[in-house]
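With chain A's structure known, arrange chain B on it following the hints.
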Amino acid sequence: DVKVTQSSRYLVKRTGEKVFLECVQDMDHENMFWYRQDPGLGLRLIYFSYDVKMKEKGDIPEGYSVSREKKERFSLILESASTNQTSMYLCASDPARGGTEAFFGQGTRLTVV
Amino acid sequence: AQSVTQLGSHVSVSEGALVLLRCNYSSSVPPYLFWYVQYPNQGLQLLLKYTSAATLVKGINGFEAEFKKSETSFHLTKPSAHMSDAAEYFCAVSASNSGYALNFGKGTSLLVTP
Numbered sequence: 270d271v272k273v274t275q276s277s278r279y280l281v282k283r284t285g286e287k288v289f290l291e292c293v294q295d296m297d298h299e300n301m302f303w304y305r306q307d308p309g310l311g312l313r314l315i316y317f318s319y320d321v322k323m324k325e326k327g328d329i330p331e332g333y334s335v336s337r338e339k340k341e342r343f344s345l346i347l348e349s350a351s352t353n354q355t356s357m358y359l360c361a362s363d364p365a366r367g368g369t370e371a372f373f374g375q376g377t378r379l380t381v382v
Numbered sequence: 813a814q815s816v817t818q819l820g821s822h823v824s825v826s827e828g829a830l831v832l833l834r835c836n837y838s839s840s841v842p843p844y845l846f847w848y849v850q851y852p853n854q855g856l857q858l859l860l861k862y863t864s865a866a867t868l869v870k871g872i873n874g875f876e877a878e879f880k881k882s883e884t885s886f887h888l889t890k891p892s893a894h895m896s897d898a899a900e901y902f903c904a905v906s907a908s909n910s911g912y913a914l915n916f917g918k919g920t921s922l923l924v925t926p
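Chains A and B are the protein sequences, given in the same order. Using the numbering used here, read the first sequence as starting at 270 and increasing by one per residue. Using the numbering used here, read the second sequence as starting at 813 and increasing by one per residue.
Next comes chain A alone, as it looks inside the complex:
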């Protein structure tokens, strides 16, 4: 089975901190994605990557950056955390072919205080 693992289920950080959310997949997938999920807003795409060292902005990239140094790992970085970044963050991967299933991690619930 495909496994997408996010390093933390719950995180509490202070305003202004630099925050790293890590995601690892074990199926050699080309594509990896970061979404944030908020009640009533569904999932919104922050960034995605279709290859090592490649990245594309999604719908809401402001305040975030990403890093993909290895194919299996995709990191989301909050340069200076703010309270409006309190959310559930979901990582996903897929094999980059149309119509294929994206596999999701369990999510990281981030609270910025």
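Fair warning: there could be bad hints in the mix.
[Stated by the list, open to error] Simulated pairs of lysine to any residue, SDA-like, Cα-Cα distance not exceeding 20 Å:
no. : chain 1 : residue 1 : chain 2 : residue 2
1   : A       : K324      : B       : S910
2   : A       : K326      : B       : A813
3   : B       : K918      : A       : Q375
4   : A       : K324      : B       : N909
5   : A       : K339      : A       : D297
6   : B       : K918      : A       : D307
7   : A       : K272      : B       : S910
8   : A       : K326      : B       : S908
9   : A       : K340      : B       : G911
10  : A       : K326      : B       : N909
11  : A       : K324      : B       : G911
12  : B       : K870      : A       : G368
13  : B       : K918      : A       : P330
14  : A       : K324      : B       : Y912
15  : A       : K272      : B       : Q857
16  : B       : K918      : A       : I329
17  : A       : K272      : B       : N853
Since the hints were made in silico from the structure, they are not lab data.
The following block gives chain B in isolation, referenced to the frame of chain A:
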């Protein structure tokens, strides 16, 4: 770009009743369509997907969906609801002109009452 609209943020059905969750899409190119389910405190799990083969798609847990191009719809149905179906359901679309990134609807919370 493509998008989906899910009609009804909350749907309540009685156990044993028909489940109907509505999804309409917008896409300038042939779309791929998906339904995902999310149980509390968990990630998303694929229920079913449409990939331009059969328009009636059967998924897990007794769910199915029909792709209707003329109506730009991809509604999710299940003949008889079970208590364990209570969850959040998301419709999503992807296409070649956006790198196949999924665009999600806002979700529908399904409540099943005894």
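Query - Numbers of unmet hints, in rising order - result: 7
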